[in-house]
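The listed protein sequences derive, respectively, from chains W and U.
The first sequence runs 60 to 684 under the numbering used here.
The second sequence runs 14 to 399 under the numbering used here.
If you are wondering where the hints come from, they were derived from the structure by calculation, not from laboratory data.
These numbers were taken from a predicted model, which means no experiment stands behind them.
Glycine is no exception: its CB is placed at the ideal position from the N, C-alpha and C atoms.
Any given hint could be a false lead.
[To be verified] So the derived label-pair ranges between C-beta atoms look like this:
no.: 1; chain 1: W; residue 1: D104; chain 2: U; residue 2: R35; range: 56 to 62 angstroms
no.: 2; chain 1: W; residue 1: R71; chain 2: U; residue 2: T125; range: 30 to 36 angstroms
no.: 3; chain 1: W; residue 1: D100; chain 2: U; residue 2: P181; range: 29 to 35 angstroms
no.: 4; chain 1: U; residue 1: L242; chain 2: W; residue 2: D100; range: 39 to 45 angstroms
no.: 5; chain 1: W; residue 1: E206; chain 2: U; residue 2: I78; range: 49 to 55 angstroms
no.: 6; chain 1: U; residue 1: D247; chain 2: W; residue 2: E206; range: 47 to 53 angstroms
[Unchecked claim] Covered, in the sense of this in silico footprint (three residues per stretch, anywhere, with C-beta under 8 angstroms from a C-beta of chain W), are these stretches of chain U:
no.: 7; stretch: 138-150
no.: 8; stretch: 300-308
no.: 9; stretch: 369-378
[As the list claims (entries may be wrong)] Residues from chain U that keep clear of chain W, each with C-beta distances beyond 12 angstroms, as calculated:
no.: 10; residue: V94
no.: 11; residue: F184
no.: 12; residue: L350
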Amino acid sequence: MRENPRAFVHPRRFIAFAAAIAVVFSALTVRLYDLEIVRGDYYHDLSEQNRILRLPVAAERGGITDRRGYVLARNVPGFAVSVIPVDLPRSRETELFQRLGAVLGLPSDAVADTVRTQRQRNPYEPVRISKTPVPREIAFGITERAELFPGVRVDPESIRLYVDGTLYSPVIGYTGPITEDELQKLRDQGYLGDDDIGRTGIESVYERYLRGTYGWREIERDAAQREIKTLALQQPIVGNTVVLTIDDRLQKLLDAELRKGVVEDRFTQAVGIAMNPQNGEILAMVSIPGYDNNMFARGITTSELAALNADDRHPLVNKAVGDQYPAGSTFKMVTGLSALSEGTATRSTTVNVSAMSFSVSGTTFYDWRAHGTLDFVTGFAHSSDIYFYTLAGGTPFAPNVRGVGPEAIAKYGKMLGFGSPTGIDLPNEASGIMPDPEWKLATQDEPWTIGNTYQEAIGQGFVAVTPLQLLNAYASVANGGTLWQPHLLKQVTSPTGAAVPLAQAKPIRKLDMTQENLRLLREAARRVVTIGHAYMPNARLPIAGKTGTAEFGASSGRDSAGRNKLGFHNWFISFVPQADNSDPTAQIAMVIFTYDSSKSLCDNCFNPAVGMSQRILETYLLDTK
Amino acid sequence: MSVRPLAIPHPATPLHDRPVARRWTEIDPILLIVTLLLIAYGLVMTYSTTAETRTFTGDPMQFVIRGAIWAGVGMATMTAVAMFDYAWLGTFAPVLYLVTLGLLAIVLQFGTASLGAQRSVNIAGLTFQFSEVAKVLMIVVLAKYFADRRARIGSPLVMLFGMALLAPAVFLVYRQPDLGTSLVFIAIFFGIAFLAGARMWQLVGLVAIAAASFPVIWALLKDYQRARLSAFLDPYSDPQGAGWNIIQSLIAVGSGGATGKGLTAGTQSPLGYLPIAESDFVFAGLAEDLGFAGAIILFALYIVMLFAALRVAFRARDPFGMLIGGGIATMLLFQILVNVGMAISLMPVTGIPLPFISHGGSSLVSICFALGVLQSISMRREPEGP
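Just chain W, with the same shape it has in the complex (with noise of 0.2 angstroms):
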């Protein structure tokens, strides 16, 4: 039998291998079903965000201005200096981190690890060497000669400029770059981990204000990151202005009297802080010694910061609100207020000063002076200590006088604002200390004594304020018995220049006193000037006021210096009514403050306040320009 010829052909293999192709492009049709039909939309999103990239283009940041819209703070084109490591040849590494690190003014090696660190995690990405904006000196020298400086780039940025710097830093304050912390809570506002964030004044409380909108600008990018071509971009819009109640002028002429003060070495650190009583705008605020924001603003350096926490007179704190301090004799018009509202004491309520000091339980409390007879005005123009003991707590110059005692003190400070913060537009506020027993007892565990109260009485001891919060009451007394909620914001512009509704400024509360109370304190504080402590030479307006004079240290001696131990800071709060009565009509206060008076070796020297005072309040009222 033949054998059949095509014996060589298997059939069977053949359909078996048939069938092969038939699963092999089942399996591949169905996964390609899959990725393609039923997760297409699913990858073409991927792709679409391989390919795509929203970045944040930043918004310039709104101006500010004083009133009349002079500028406080602006922005001036800055210089970022960056390296993309693709572009900078291996061979040529060492010489530029040296010639780098020299014109930036950083050390080398920190150049070759930033530069070394960002090689290996994308070295198409451009890298900031100098965290802090470079000067246009500098960036213009890296750009002229950029043959010596391969894989540089230099780019325009923003730069925060406060036009007089420490002028203003108590109240603006200053940016600074975003915190971590901060960044994890605000990222969903749209901030970025190289924002900068308004860091404490003004800057800081009117953040929201401030920073513009910002923009995007969709890119096509590659696998290595580059940026291929825009495809599309929505404009960031600038901040708001944010205008404030402070007068530049004003503001000037405080700082340049107290400033000289300083530098005289008359005192070792003022507070001037102007306001109008009937609304509580402030229009000056003045922290002596402060420091320069624009140091913040352009990176300030280690050594820098170490100098301003090393100065013991604290420069970075607005002393005007951050601080507190013994009110001294200002607080005489609470005691009187209290005795008066309370009905222990009236206009004619007299004491016969007849000695400059008396005892009480051993302890011996005294009087700057003999006063003879005084009755409220005379006691309070005079600044009589014992008159206002015998308010306060009574004493045996004026037996049938009764004390009103330290609660009720207490609870016509509290009206006025003592012991709680004003709520001012600015951060980091003290809120001072209203002592009465019930306080001593929880703080001190101990029981209120007379003396206590005689301290109390004349704004020394446990009581502390701060310069805005005896400013406010001082103005509440000024214009009627309305305590304003003071305020520095004037008004918010947006770019197209129109104003951005705000809370109109609010009262924190009336006065539960009596007119006739509240005139008879402006009558007496006017009194202080015309014929008391604050006697004001040749004076061209009717300044009403009150001194004040804290002590502390020892109580007698001098020191190595010659210096007296015992130190005191001055006080003089001042308004202008509109006519030389007792009307509720002054549009200015003012309160002077200066620390450590004692460095002028006179044993009685005029308080400085008073003279610097009657100068600013009638050049910037009566010299207008």
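Put chain U on the given structure of chain W with help from the hints.
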């Protein structure tokens, strides 16, 4: 009987016991048409993947022109090969075997390194991937080997000697290193042995031995090959490293959707997310540009070509022709499976070109050579009829 063309010791057509006629009418028209369509498809994809490329510089049309020139060379080769009786290949099989090993040795010795492997040789400014040629030559050698031992196909010794024949080539390719192509050689061996009628238990046994020796193979693999295998199992374990290609390829394929983003409109490959988009990952670029529809058209063309090749093999006049046809079909099927499978993460990443679609002259001309052999087999089959 009839006039012999050449007076050499062995007859020029020694394996034919009956006259063999070259009949142009018996050329396989379906195979020819599908070949031309696939070549055209390949040129379109060359245009699409290089049109906006950032990997190359210069005029994108230069790649299309170069591809067209190679296509012309390929078709000339195919025609020339078809004219000759494939039996000649059998006559010179031992020589071809030595040529195969020689070419692979030359690559190892004088090859140009690229992407960490030494796979090509530069001659006169042109780059040749000799392993592409070697695959086709090896098909001829193995087909001849098994055709001649048809009577003793059940003997394990035949299998062992066959493997011994194969081993040097696999080793040389693996040393380049080119794991993918060495796997193609092994696949060809299995395909030819299978159609030659090798015992199933032997074939299954070989696969079982290979599976059992996986730990040994794993130890022999290079680090990057192990990384690729790990990445295949879980691309997201190293998304920026070994898993990158797989993830980006999946994104490219998936983002194509039903009908694709359009020719040259894909973004994954022009922007560099998809590496080696004109060759290894060309299918991902195709699926992104032309979508599911484009891929299905490609699959259809492949299926037609594979069945045409199988039909040629089935109708071949002798075992040698049948096994060559089977070997060519095996090679095509395996390369398609591995290349497409890699792009859609059904297979680990290996650098095997996708027939006709991957950009590259050596691959195209080699395949055209193989298809010329197929046409030669088709033209010389026995006339049908009683």
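For each hint, the structure was consulted:
no., hint, result
1, W/D104 <-> U/R35: 56 to 62 angstroms, "holds, 58 angstroms"
2, W/R71 <-> U/T125: 30 to 36 angstroms, "violated, 46 angstroms"
3, W/D100 <-> U/P181: 29 to 35 angstroms, "violated, 50 angstroms"
4, U/L242 <-> W/D100: 39 to 45 angstroms, "violated, 30 angstroms"
5, W/E206 <-> U/I78: 49 to 55 angstroms, "violated, 40 angstroms"
6, U/D247 <-> W/E206: 47 to 53 angstroms, "holds, 49 angstroms"
7, 138-150, "violated (count 0)"
8, 300-308, "holds (count 5)"
9, 369-378, "violated (count 0)"
10, V94, "holds, 23 angstroms"
11, F184, "holds, 27 angstroms"
12, L350, "violated, 5 angstroms"
Of the numbered hints given earlier, the model fails hints 2, 3, 4, 5, 7, 9, 12; all others are met.
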